[in-house]
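Chain by chain, the residues run as shown.
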Amino acid sequence: MTQIRPQARSVVERSRVLAAGAAIVGAHFIADTAVFVLGEEALLFVDKEARERRVAVHAGAILASAGGDARIITGGDDGAVMATENDGKPVAIATDAKRRWIDRVAVGPDGAVAWSAGKQAFVLTRNGQTRALDLPSAAGGLAFLPKGFRLAIAHYNGATLWFANAQSAPQMLDWKGSHLDAAVSPDGRFLVTAMQEPTLHGWRLEDGKHMRMAGYAARVRAMSWTADGKGLATAGSTQIILWPFHGKDGPMGKAPKMLAEHEHLVGIVACHPRQPVVAAGYRDGLILLAHTDDGTEIIVRNPGEAPVSALAWNAAGTVLAFGTEDGVAGLADLA
Amino acid sequence: MPEKIPVTVLTGYLGAGKTTLLNRILSEPHGHKFAVIVNEFGEIGVDSDLVVNADEEVFEMNNGCVCCTVRGDLIRIIDGLMRRKGKFDAIIVETTGLADPAPVAQTFFVDDNVGRLTKLDAVVTVADAKWLALRLKDAPEAKNQIAFADVILLNKTDLVSSDELAEVEGRIRAINHYARIHRTQRCAVPLGEVLARNAFDLDRILEIEPAFLDSNAHEHVHGHDHDELRHQGHDHAHGEQHRPAGAGLKHYHDEDMRSLALRTNNPLDPDKFFRWIQNLVATDGPQILRSKGILSFKDDPDRFVFQGVHMILDGNHQRAWQPDEKRESRLVFIGRELPVEKIREGFQSCHA
Ligand SMILES: [Zn+2]
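Chains as they are written, first to last, in the numbering used here: chain A, 1 to 335; chain B, 336 to 687.
Derived from the structure by calculation, the hints contain no laboratory data.
Keep in mind the model is a prediction, meaning the values are calculated, not measured.
Mixed in with the good hints there might be a few duds.
One-sided and incomplete, this derived list gives chain B residues near chain A with beta-carbon spacing under 8 Å [stated by the list, open to error]:
#1 Asp384
#2 Gly399
#3 Arg411
#4 Asp446
#5 Glu672
#6 Pro674
#7 Glu676
Heads up, simulated DSBU-like pairs for lysine-lysine below, C-alpha to C-alpha not over 35 Å straight-line [as the list claims (entries may be wrong)]:
#8 Lys176/A - Lys677/B
#9 Lys339/B - Lys119/A
#10 Lys89/A - Lys48/A
#11 Lys420/B - Lys98/A
#12 Lys48/A - Lys368/B
#13 Lys677/B - Lys119/A
A short list of chain B residues far from chain A (calculated; beta carbon distances all over 10 Å) [said to hold, decoys possible]:
#14 Arg418
#15 Arg506
#16 Asp536
#17 Val675
Beta carbons: idealized from backbone N, C-alpha and C, even for Gly.
Modelling step: build the complete structure from the supplied sequences, incorporating the hints.
Written out as structure tokens, the structure reads:
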């Protein structure tokens, strides 16, 4: 086989892959143990010594997952919100009274958990109470703000900011259309949503000023903040689209950086936790690392049979976990 | 690429018999395993974790146009179902009796994840033979469902006389010249006539040809496409269920909804055509429920096929024109208050 990107260095031989036996829909780390979220029922734990452990968590499809606070939170079509620790049994955090699908989950600072089902969002407060908020539509995305037990919820015709511990009324941020994902900048100044159209929408939270980020080929299904919190890397194009958020106005009036162009769409992105590097997974199975300063590329995985569907870094940024729609789970050792 | 999962959309005004058909599909042995998206739990007699309740969230797109809508809940549900894709081989979406089928159909063209993993197979409408004529007068939803259909089950035929039946069939034909009509009692129709129709498949857009059969039957009988001929023969084996309009049926004109067919032997200029059709759907898209076409472009050895729902168009080069095949362009529109003369003139101006 000829090398597809002759200018790029390859570290393909540094990956260990295994067959997960089901589509992989998410990846996380607990310390140095990679956790692959399977499309149905189970989590697959793979530790540093390559020991595998499969843990049955849901009775059906796993619809959403989030990592944090040394545990993995998942939501399923069985109506359950589960928390699974590295060596423990899965624990049900909540079960929807009507057994509705748990569409989205999020983990906040100090381990706060939020989820959505039907046209409602829920949070579990620190003293173990569940609080609910009615929404104008089903939630498209959930993201905690870095401070203050505050949840951003993307939905039809805008987003809602909710102080889940307070009695104050939720704050509505209006923008026409369907908002399907939410990301809050690490400094808490910006909320970005991915729309049904191939665009992003953003609000500067201090004054509600709108930001539109357009030019994508497809709906943006993945967003990731850079290590310094000053950039938002996004999928949805044949390149990694990296929006600058360092100025007062965020990306307004600025062009994004475009990195690692390929003939297939980027389906998923994950920023390195320490360095100015973005990992991107493409529809054809290719995985690249791109340096955000000079655009240098490294090949982590050659194209395969199916789209890359999950990427996650360990906290040190030495291991990249990846998963594909056809059930390939991999660990690339980049130390 | 893995095979896309086919999706059948089941519509029908309240009380027409949609649930009867759904229960038949779910209970009869046919070797398929379905995931079913229903609008109301409890109506169907099957308890399965592959039966999902939908909210019918119709979302407008950000362009502010009333016809550019998708079913937001469907995007979410299909994404969830596809995580279990080994467990079923087809999906059925049941809509409420008052639903417009367009947002469902548009979801498959607008959302790239839905379009990548699944394909719209056909819109199947169940209609009540006794009440449809009345509903067409007082319920715009019922008319939409007839206009949009690829397959129509004219159900409860035992409750009407043969005159009444001919009358209601004529009313249907006045709106939608191209759907296959099956006369049924308790939705008794071979399921192969309802499922796996490929009505939205660009490779099968020949399905519009029954329209031309009506206006020019001889040509069709001596036609060129063997697949299509076999298809016709097959249909008649089921006993006159599919009847061309004009063969003894009364002719009606619906006041506002109608079908329009255009054809020409003159090769088309592709630039002119694309500019015209895009302009047409941009301005008149809200009125055009569906469009389909087979096109012969000047100096182009391949047939170009396209289809549209309101403002959303999908088209492709399909295959080479055969040496013995008449190079002819054909277009069909189904819509409300279609600007007929404007469309005719516009199409004429696309000649190369
Ligand atoms: Zn429109």
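Hint-by-hint comparison with the structure:
{"no.": "1", "hint": "Asp384", "in the structure": "holds, 5 Å"}
{"no.": "2", "hint": "Gly399", "in the structure": "holds, 7 Å"}
{"no.": "3", "hint": "Arg411", "in the structure": "holds, 6 Å"}
{"no.": "4", "hint": "Asp446", "in the structure": "holds, 7 Å"}
{"no.": "5", "hint": "Glu672", "in the structure": "violated, 27 Å"}
{"no.": "6", "hint": "Pro674", "in the structure": "violated, 28 Å"}
{"no.": "7", "hint": "Glu676", "in the structure": "violated, 34 Å"}
{"no.": "8", "hint": "Lys176/A - Lys677/B", "in the structure": "holds, 33 Å"}
{"no.": "9", "hint": "Lys339/B - Lys119/A", "in the structure": "holds, 29 Å"}
{"no.": "10", "hint": "Lys89/A - Lys48/A", "in the structure": "holds, 20 Å"}
{"no.": "11", "hint": "Lys420/B - Lys98/A", "in the structure": "holds, 24 Å"}
{"no.": "12", "hint": "Lys48/A - Lys368/B", "in the structure": "violated, 41 Å"}
{"no.": "13", "hint": "Lys677/B - Lys119/A", "in the structure": "violated, 44 Å"}
{"no.": "14", "hint": "Arg418", "in the structure": "violated, 4 Å"}
{"no.": "15", "hint": "Arg506", "in the structure": "holds, 36 Å"}
{"no.": "16", "hint": "Asp536", "in the structure": "holds, 22 Å"}
{"no.": "17", "hint": "Val675", "in the structure": "holds, 33 Å"}
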